[in-house]
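Asks: What follows is the residue order along each chain.
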Amino acid sequence: MGTPDVQISATIALLTDFGLADPYVGQLKGRLIREAPQSALLDISHGVVPHQIEQGAFFLDVSIAHLPQPCVVLAVVDPGVGTQRGALIARSEDRLVVAPDNGLLALFLKHHPLQGLWRASPPKELQSATFHARDWFGPLAASLARGKSAAACGEPCAPEQIRPLPQNRPEHAPHTTGASWPVLHIDRFGNTILGLRQGSSAAAELTAAPQLRCPACGDTPVIPAQTYAAIPPGTIGLVPGSQGYYELALNQDVLAQRFGLRLGQVLHFEPL
Amino acid sequence: MGTPDVQISATIALLTDFGLADPYVGQLKGRLIREAPQSALLDISHGVVPHQIEQGAFFLDVSIAHLPQPCVVLAVVDPGVGTQRGALIARSEDRLVVAPDNGLLALFLKHHPLQGLWRASPPKELQSATFHARDWFGPLAASLARGKSAAACGEPCAPEQIRPLPQNRPEHAPHTTGASWPVLHIDRFGNTILGLRQGSSAAAELTAAPQLRCPACGDTPVIPAQTYAAIPPGTIGLVPGSQGYYELALNQDVLAQRFGLRLGQVLHFEPL
Amino acid sequence: MGTPDVQISATIALLTDFGLADPYVGQLKGRLIREAPQSALLDISHGVVPHQIEQGAFFLDVSIAHLPQPCVVLAVVDPGVGTQRGALIARSEDRLVVAPDNGLLALFLKHHPLQGLWRASPPKELQSATFHARDWFGPLAASLARGKSAAACGEPCAPEQIRPLPQNRPEHAPHTTGASWPVLHIDRFGNTILGLRQGSSAAAELTAAPQLRCPACGDTPVIPAQTYAAIPPGTIGLVPGSQGYYELALNQDVLAQRFGLRLGQVLHFEPL
Chain G
321 MGTPDVQISA TIALLTDFGL ADPYVGQLKG RLIREAPQSA LLDISHGVVP
371 HQIEQGAFFL DVSIAHLPQP CVVLAVVDPG VGTQRGALIA RSEDRLVVAP
421 DNGLLALFLK HHPLQGLWRA SPPKELQSAT FHARDWFGPL AASLARGKSA
471 AACGEPCAPE QIRPLPQNRP EHAPHTTGAS WPVLHIDRFG NTILGLRQGS
521 SAAAELTAAP QLRCPACGDT PVIPAQTYAA IPPGTIGLVP GSQGYYELAL
571 NQDVLAQRFG LRLGQVLHFE PL
Chain E
321 MGTPDVQISA TIALLTDFGL ADPYVGQLKG RLIREAPQSA LLDISHGVVP
371 HQIEQGAFFL DVSIAHLPQP CVVLAVVDPG VGTQRGALIA RSEDRLVVAP
421 DNGLLALFLK HHPLQGLWRA SPPKELQSAT FHARDWFGPL AASLARGKSA
471 AACGEPCAPE QIRPLPQNRP EHAPHTTGAS WPVLHIDRFG NTILGLRQGS
521 SAAAELTAAP QLRCPACGDT PVIPAQTYAA IPPGTIGLVP GSQGYYELAL
571 NQDVLAQRFG LRLGQVLHFE PL
Chain F
321 MGTPDVQISA TIALLTDFGL ADPYVGQLKG RLIREAPQSA LLDISHGVVP
371 HQIEQGAFFL DVSIAHLPQP CVVLAVVDPG VGTQRGALIA RSEDRLVVAP
421 DNGLLALFLK HHPLQGLWRA SPPKELQSAT FHARDWFGPL AASLARGKSA
471 AACGEPCAPE QIRPLPQNRP EHAPHTTGAS WPVLHIDRFG NTILGLRQGS
521 SAAAELTAAP QLRCPACGDT PVIPAQTYAA IPPGTIGLVP GSQGYYELAL
571 NQDVLAQRFG LRLGQVLHFE PL
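Chains as they are written, first to last, in my numbering: chain G, 321 to 592; chain E, 321 to 592; chain F, 321 to 592.
One or more of the hints may lead you astray.
What the hints assert, rightly or not - Every beta carbon over 10 Å from chain E, so not counted as near; a handful from chain F, in silico:
hint, residue
1, A360
2, H371
3, A524
Unchecked claim - Under 7 Å between C-beta atoms, here's a sample of chain F residues computed to sit facing chain E:
hint, residue
4, S365
5, S383
6, A529
7, A536
8, D573
Hints were generated in silico from the structure; no laboratory data involved.
All of these numbers come straight from a predicted model, not from anything done at the bench.
Just so it is clear, CB atoms sit at the ideal spot from N, CA and C, and this is done for glycine as well.
This is chain G alone, in the form it adopts within the complex (with noise of 0.2 Å):
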């Protein structure tokens, strides 16, 4: 963010799981307003699922390179609202993200170089105890993109010193042969995001077989594409998708929901 300066501010990008339905993010956005009257507003997403701090996560970590700079993101996904959780400002190059403490900032953390890491304290007086993004969250992003500096609004702190994603994935029985990975997103489009990043070992392995079969999906064979349109008919695509991981996909057709594929579940892959 540099030297303070009111004249030039920050872009503040917004991600939460408050849809667009209720007033919530017009409130936010008409206190950023108040408070950072030069800052352009930018929506990374209001449709995380409500309280899946993961799919936020994932939403974080994977759109943050595509973000302007300078830039402040306010993400919040708080299931703890009101509770003491405290408030982590993290810096990656010369992008400052604020999010409760609460694993939303653990993806972003684990893939992106760390400049800078503070923990901020509940003020004793805010307007609501529900709605800590408008009262508390929204107005320190503002303020960092005035210029003040992250040191002033909180004390420094290690990323050992924060707290991890829940872990909340369902059991599933361990299996000989393949391999098994969790599904991050459900796209619009019925696309499977899996947490199965491009250019890793485990990813060049499993798409080294010409076939893949996943019990989930049934007997319909999985086969590695490039595009959605080159999936061919009766076949599900493991796409390399646009998100830096793998995607289950059909061509024109809407996988997650023919085969009943659903958020955190756990898929196993094994060579056909």
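Dock chains E and F against the given chain G, drawing on the hints supplied.
Replies: Chains E and F only, in chain G's frame:
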């Protein structure tokens, strides 16, 4: 709005029941940008349930204090579009609200200081009879945002001369004990906002009881709580939420869906 | 766009089938802000039904006249993403439209004056093969918004050389009397927009009858009406709506859901 000045325009905030899937909000914004190119646009929400004037009135009432000043709010929930109902312009502090004369301003006028109220008649020629937000109210809001005075846009009128909220609440049997409030809004998290204002004597009385019973929620006890996270398992929290009203909630579960609560339903409470 | 000028950039308007729940629109906007920081962004809609090119073509056709000038429209409904189909750039007045060459421009080209049409080929290297809006079309639109000439981005082509709309309308039995139109769009209010343009001779003929019958709507009479509020109870209104086409509607009820009408369905009408 002070002196007219096309250089520095007021923010235009939008509240409608148009949703975001259709191109209606986009066309409205295109029109606003053309007519008030210096104004920033801010969405309060476009998720009011279609034609639910009372819910729109609630959104406006609870959101306006969070908006920047100067600001022009364009609020359109308008089942009577194309009829001869007028447009209202209301001023409270340095915010102007433009809305159809159908009750949408009722809660806002009840809870905020009023510095002026005007009514405008439909122009003789409009591009459509079915999209007055784009073709009439929008250009009117843009004129105000550019600095045109409200007095030049309509005739002064008194709050008693405008239409009240439609009275379409379902009948309910009278109770000899306890008290009843309507459901003003059900949010994305299933939290159910009641027409019971924080700080009112009715609220003080209700929350004085350690436990309450709400027949629509069966035998589950209702317990006053300050945050969602503080709601004990197996109970319903009565929480002073972020909107200035009390709300019913579960801890990380969707209350309204669990108990089949509906917008506009009148809920009865009695001490246990 | 006149002379290139990075100081004053064109508005970039967005139309996609991406929805708002996924982080895709946010990533696209992040990219646009980085590459055209002076441009304002305007959402036409992201709610086109996934892969429904014909509906996207309708949204574009009816919305473009409401957009500011200069403006670059980025329209992406792109089931063929990752294949070798090109990108089109069309100019009408002081607006440029960027879209995949798959029929999405068809209705726009039919109803608006065309000052230029160019086709660009995919770059050799792209960050992804599945998100060309972010990785190819978006940067192309940003270049145009910054003042780069369309002629420098692609090769001139003629309207006859581009791909038409996919022809996937359901078969319907021929009728000896009356006339038929497809459902172009069903909006949030259940209003059902037909491919019957206001001001056409077909429209004049149809609305000359005091009552019509539409077999898909059973025995409920269809009656020409000027506004939704003017539709008599127990009848369906045939209303000259705000989009330049006729639409079927009920007075404060959701017509399409009542009668099970579907996007793309062909409706037949005959005088009663």
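Asks: Hint by hint, where does the structure go against what was stated? Just the numbers, ascending.
Replies: Going through the list in order, the structure violates hints 1, 6, 7, 8 and respects the others.
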